[in-house]
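Generate the whole structure from the sequences, applying the supplied hints.
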Amino acid sequence: MSKIAVVYWSGTGNTEMMAEAVTEGAKEAGAEAFSFTPETFSAEKMDEFDAVAFGCPSMGDEELEDTEFEPLFTDCEPKLKGRKIALFGSYGWGDGEWMRTWEEKCRKDGAELVCDSVICSEEPGDDEKEACRKLGKSLAL
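The sequence shown runs 142 to 282 under the numbering used here.
Just so you know, not all the hints are guaranteed correct.
What the hints assert, rightly or not - Cut-off 16 Å, straight-line C-alpha distance, at most; resulting in silico cross-link-like pairs (EDC-like, lysine to aspartate or glutamate):
(1) Lys144 with Glu189
(2) Lys278 with Glu169
(3) Lys144 with Glu165
(4) Lys275 with Glu169
(5) Lys144 with Asp191
(6) Lys278 with Glu161
(7) Lys246 with Asp257
(8) Lys168 with Asp191
(9) Lys222 with Asp188
(10) Lys278 with Asp191
(11) Lys220 with Asp250
(12) Lys246 with Glu204
(13) Lys222 with Glu244
(14) Lys168 with Glu271
(15) Lys246 with Asp216
(16) Lys270 with Glu157
(17) Lys222 with Glu253
(18) Lys270 with Asp257
(19) Lys270 with Glu165
(20) Lys222 with Asp191
(21) Lys144 with Asp188
(22) Lys275 with Glu165
(23) Lys278 with Glu165
(24) Lys222 with Asp250
(25) Lys222 with Glu245
(26) Lys220 with Glu185
(27) Lys186 with Glu173
(28) Lys222 with Glu189
(29) Lys278 with Glu173
(30) Lys246 with Glu203
(31) Lys270 with Glu161
(32) Lys249 with Glu218
(33) Lys275 with Asp257
(34) Lys222 with Glu185
(35) Lys220 with Asp188
(36) Lys278 with Asp257
Hints in this document: simulated from the structure, not taken from any laboratory.
Computed from a prediction, not measured in an experiment: that's the story for all the values here.
Printed below as a string of structure tokens:
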């Protein structure tokens with residue numbers, strides 16, 4: 142049984158809803174899945190998990206939230222090489238550039254992105270929640 146961490150930051154609750162769907166999907170696929178916020182996760186915990194889903198909305202000028210999530214993610218980056226990960230998040234403006242930038246950063250760090258990232262504008266609907274469940278299942282396999 143694989144062990145999955147779902148690590149996210151949410152300001153409005155949209156990315157939190159996505160994280161809940163990712164966790165559900167991983168559990169449906171038979172994994173042990175645990176949800177964390179930046180204050181409950183650390184880079185030291187990375188080695189406890191077979192795969193990690195990271196979720197963060199687009200903030201400012203299409204960037205990761207910079208006071209809680211980005212510092213945690215930066216701490217985790219040295220542990221990404223060869224690790225199965227997936228990315229998700231919501232946005233209120235722009236075209237998803239922050240996700241493309243984040244994906245590229247993860248690839249340069251040597252992470253294995255196991256599936257397409259999931260993004261949605263504002264609150265996730267049924268289609269986006271289902272995509273998040275599939276993302277969780279992809280991490281579990």
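- Any hints from earlier that this structure breaks? Give me their numbers in increasing order, please. No numbers; nothing is violated.
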